[in-house]
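Peer 1: So you can see what is in the structure, the chains are spelled out below.
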Amino acid sequence: MANSNSADVVVVGSGVAGGLVAHQMALAGASVILLEAGPRIPRWQIVENFRNSPAKSDFVTPYPSTPYAPHPEYTPANNYLIQKGDYPYNSQYLRLVGGTTWHWAAAAWRLLPSDFQLHKLYGVGRDWPYPYETLKPWYTAAEVQLGVSGPDTSVDLGSPRSKPYPMSQLPLSYMDQRFSDVLNAQGFKVVPEPVARNSRPYDARPTCCGNNNCMPICPIGAMYNGITHAEKAEQAGAKLIPQAVVYRVEADNTGRITAVHYKDPNGNSTRVTGKLFVLAANGIETPKLMLMSTSDKFPRGIGNSSDQVGRNLMDHPGTGVTFLANEPLWPGRGPMEMTSVVNFRDGAFRADYAAKKLHLSNGVPTMSVTAALLKKGLTGAELDRQIRDRAARTLNINSFHEHLAEPQNRVVPSADHKDALGIPQPEIYYSIGDYVKKSAIKTHELYARIASLFGGAEVSFDDTFAPNNHIMGTTIMGGDPADSVVDADCRTHDHSNLFIASSGVMPTAASVNCTLTIAALSLKLADKLKHEI
Amino acid sequence: MTKNISRVQPANSLVQHARLRRFGVAKLAVAFALFALYVAWHEAHGPGAPRTDESLITQARADDISQLAQTTPTPAAAAGASDLVKRGEYLTRAGDCAACHTVDKARPFAGGLLINTPFGTIVTPNITPDPGTGIGRWSDADFLRAMHEGIGKGGERLYPAFPYAEYTKVTDRDVLAIRAYLNTLTPIHFTPPPNTLKFPFNQRWLMVFWNMFNFDEGRFVPDSKQSAEWNRGAYLVEGLAHCAECHTPRNFTQGLKASSRFSGALQAGWHAYNITSDKNSGVGNWSDNELVSYLSTGVASGRANAAGPMANVVTNSTQYLTREDLDSIVTYLRAVPPISGGETRPRDQWGNPANDDVTALRGMTINAVNGAQLFIANCASCHSWTGQGVGASAPGAYPSLIHNSTVGASDANNLTKVILHGVNRTTKQADVLMPAFGAQLSDEQVAAITNYVTKQFGNPQSTITVDQVAKLRKWPR
Chain R
1 MANSNSADVV
11 VVGSGVAGGL
21 VAHQMALAGA
31 SVILLEAGPR
41 IPRWQIVENF
51 RNSPAKSDFV
61 TPYPSTPYAP
71 HPEYTPANNY
81 LIQKGDYPYN
91 SQYLRLVGGT
101 TWHWAAAAWR
111 LLPSDFQLHK
121 LYGVGRDWPY
131 PYETLKPWYT
141 AAEVQLGVSG
151 PDTSVDLGSP
161 RSKPYPMSQL
171 PLSYMDQRFS
181 DVLNAQGFKV
191 VPEPVARNSR
201 PYDARPTCCG
211 NNNCMPICPI
221 GAMYNGITHA
231 EKAEQAGAKL
241 IPQAVVYRVE
251 ADNTGRITAV
261 HYKDPNGNST
271 RVTGKLFVLA
281 ANGIETPKLM
291 LMSTSDKFPR
301 GIGNSSDQVG
311 RNLMDHPGTG
321 VTFLANEPLW
331 PGRGPMEMTS
341 VVNFRDGAFR
351 ADYAAKKLHL
361 SNGVPTMSVT
371 AALLKKGLTG
381 AELDRQIRDR
391 AARTLNINSF
401 HEHLAEPQNR
411 VVPSADHKDA
421 LGIPQPEIYY
431 SIGDYVKKSA
441 IKTHELYARI
451 ASLFGGAEVS
461 FDDTFAPNNH
471 IMGTTIMGGD
481 PADSVVDADC
491 RTHDHSNLFI
501 ASSGVMPTAA
511 SVNCTLTIAA
521 LSLKLADKLK
531 HEI
Chain S
534 MTKNISRVQP
544 ANSLVQHARL
554 RRFGVAKLAV
564 AFALFALYVA
574 WHEAHGPGAP
584 RTDESLITQA
594 RADDISQLAQ
604 TTPTPAAAAG
614 ASDLVKRGEY
624 LTRAGDCAAC
634 HTVDKARPFA
644 GGLLINTPFG
654 TIVTPNITPD
664 PGTGIGRWSD
674 ADFLRAMHEG
684 IGKGGERLYP
694 AFPYAEYTKV
704 TDRDVLAIRA
714 YLNTLTPIHF
724 TPPPNTLKFP
734 FNQRWLMVFW
744 NMFNFDEGRF
754 VPDSKQSAEW
764 NRGAYLVEGL
774 AHCAECHTPR
784 NFTQGLKASS
794 RFSGALQAGW
804 HAYNITSDKN
814 SGVGNWSDNE
824 LVSYLSTGVA
834 SGRANAAGPM
844 ANVVTNSTQY
854 LTREDLDSIV
864 TYLRAVPPIS
874 GGETRPRDQW
884 GNPANDDVTA
894 LRGMTINAVN
904 GAQLFIANCA
914 SCHSWTGQGV
924 GASAPGAYPS
934 LIHNSTVGAS
944 DANNLTKVIL
954 HGVNRTTKQA
964 DVLMPAFGAQ
974 LSDEQVAAIT
984 NYVTKQFGNP
994 QSTITVDQVA
1004 KLRKWPR
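Those sequence lines, one after another, are chains R and S.
Its first residue numbered 1, the first sequence is counted upward by one per residue in our numbering.
Its first residue numbered 534, the second sequence is counted upward by one per residue in our numbering.
Keep in mind the hints are simulated off the structure, nothing from the lab.
The C-beta atom is built at its ideal place from N, Cα and C for all residues, glycine as well.
One thing to keep in mind: the hints can contain errors.
[What the hints assert, rightly or not] Straight-line distance between alpha carbons at most 25 Å, and here's what the computed DSS-like set of lysine-lysine pairs gives:
1. R:239 <-> S:961
2. R:232 <-> S:988
3. R:239 <-> R:437
[Stated by the list, open to error] Partial list, computed: chain R residues near chain S (C-beta under 10 Å):
4. 46
5. 47
6. 202
7. 205
8. 235
9. 237
10. 239
11. 242
12. 459
13. 461
14. 462
[To be verified] Just a sample of chain S residues kept apart from chain R, beta carbon distances all over 10 Å, derived:
15. 686
16. 721
17. 857
18. 888
19. 895
20. 906
21. 911
22. 926
23. 931
24. 966
25. 969
26. 974
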């Protein structure tokens, strides 16, 4: 059992990555301390926060940022992320026990085998230090841990599987079925999305009952949230300390990590020692912490002999389209997202421009439809009639474009913006290059074609790249210590007892949500740690 | 009441009591009877075997078992099993043997259920055919004696956690069919931990006294004045299914109280409801089909949903009974004389939909113990803010809280237990799970929700205090 200040394994961050590692290590009998910067908020309070929030479409509002562990807010903006690049990296993430998967759409994709060899196959970006096959069993394990429901084996998602999904897929909504039928008849490949959402009782959590607010909060826990493993870790004996903002990683002169230091909300500092350290504080806070942790021996920060910490920042820049179909499709029945268009995830074109995934939103459009009609001055019965008509026919499609790892896109601790505890805010330099822009032009054409298949009226393209909060690349994995931060085991090249569990290690962004890959990497990492304890 | 049924009652318990006093062991006997009550309670519902997370991940990586959390494979329903064995399997389910003897689904019938009592711990035995640790060396005669007389292979008295007081009614033929089925199970070499009972409760011979009060050995004798269906129902209800163990209150010797048979009892926090034919207090206003539906699916739509120990009974036992047997059980229950508990209307005839709470709560400060707010935040996403549920009568629907036999009951115990521990019920129709809220909510919060729900959707006189919640939280699921 860990005491407050020392443990076999010290994990920083209690989201899906840190929770999984802490849980596995506690099960293996190690003493574990799990440090979380943010507070602990019960699900029911988040639900009530959401219902009380006037900004329903801002998924952060039910999770108020705290002065001691702020996270980005946009309604109104708190300017936590200091934007210095030519494109704002307006990412969302949460700092509380359980982490950012409190609000997500639960998409649980595996990468494609080609995603591991982007440079080898297409001459762009980087390669992973191992092939898909190495991560494959950990994907399976991650799907079991998170509880993933997905299509049966007759649907090839491009990522070889050794066994079916733990749960069969939820029935498609009428809209998703119709969308699939129409597009698939025209050569598109629309598939049911694998999701960490229960289609039957699983792991003591209930079946999805279609509240349709996966984002910002699943009110019943049918969708996986990182809180599941934070709590499992505690039940297995890990000591979880909320409101513990780690601000320094301490190394001795041999390079071994000896401690991390955290501040409580009053600024009082505590030093936590351990044998093994795992940073799991997401792709922005983790590199920020490493870069802040400078010393005489490590003047560029912890793990940064390659100067790659904080660099290679990636996301999935997204564009969208909204139109009125010429038939009622009734979006909003079931979870918020159920199908994806996957035939642009790979191909020779990746030498030239970005892979992408398109996905149909199944969110209820009533609020945006109503706001637009009110703006037009409609009232009374006509307003009601048009809300019904338009809410039933509004289709919204979005996309993820693959971003390449480019060192100039980076996060650093701000020199002049500090939070209430005096800890530097993240400062971000971000740009979106031609690789993505070229692809987005073609995405626009695809949108137009899809809209025409539904006799689309009032087609409205949103070509501004939207953030998708998939923070990758900033503690990049690779075989060469000169140009990467961690090795194939997610161990930092510079410190034999410091590991990173995060999408920050991903050398390629691919075109799908990164959470399942985070989970697989975390379980693989935990397995490694079990042999070192 | 048949002659047969009255035979199991301590017909002249006062006389027996006097005799005991003469022996100077009355206190001991009463203590024993109390102890027996505990044990009998635990017998009635085995805890669900918790899945371990380690096994989740091991399974995932082993590339062999594709589904986790599957229901236990039926051990001997394999094709080609003899009719005798199939009948034995059916009867084993009717007797709900798995409730106590299957703790770990990976180890069916190998025993090991820890039954904690104030007198120590009893552990259920391995009844697989393993010769060393199970009952592989038992003869048929040994098995018959255990079932009919409560005596083990070595002549030792069995504790009445094992309901031989009911099993004694089961015919030799049926007992031997059960034995034949158990013989086909995979032998599992597993020795459950020993009982750790304190003196004098570790003295098995003392069961002689318990038997004097509560046990009348003998097979079921049909009543020729009653229909074949009634007799079949009586045979099942009073025998293998041992319904009375939970649904009948105990007399002062802790035997089943003859005058109150099936009128409901409170045990380990759960109310095993009145199942007499009383229209307000019992199930007299249920249709035959509703009773059959409840036993076969756990749901009588618009009335009741099985939770707690009864959900386990449905999951492990009654859902497998044939329509004929269920009809027989219903016929017999219908004939049970009505006993009123004083209720003024049926449990499932209370409550109205909420109509104004949602808007009233918007913008309100989030208060840790506001029943209406906690209901909206924790419960309404499935049961609807109106309390009317979601999914109507579809299998697996989230039930209405209005006209709900748990919410309308005259005590709030079962509602509180459901909030604390959730619901698990797996049937051929639906895999039903309500999450447990015990870990998320304080006793104050659980009491606030319970009292809001009974007031708004159920019997408003039914309330619970924070202290009562704390006690219910400590009982086993």
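Peer 1: Compare the structure with the hints numbered earlier in the document and write down the numbers of the violated ones, lowest to highest.
Peer 2: 1, 2, 3, 9, 10, 11, 12, 13, 14, 19, 20, 21, 23, 24, 25 and 26
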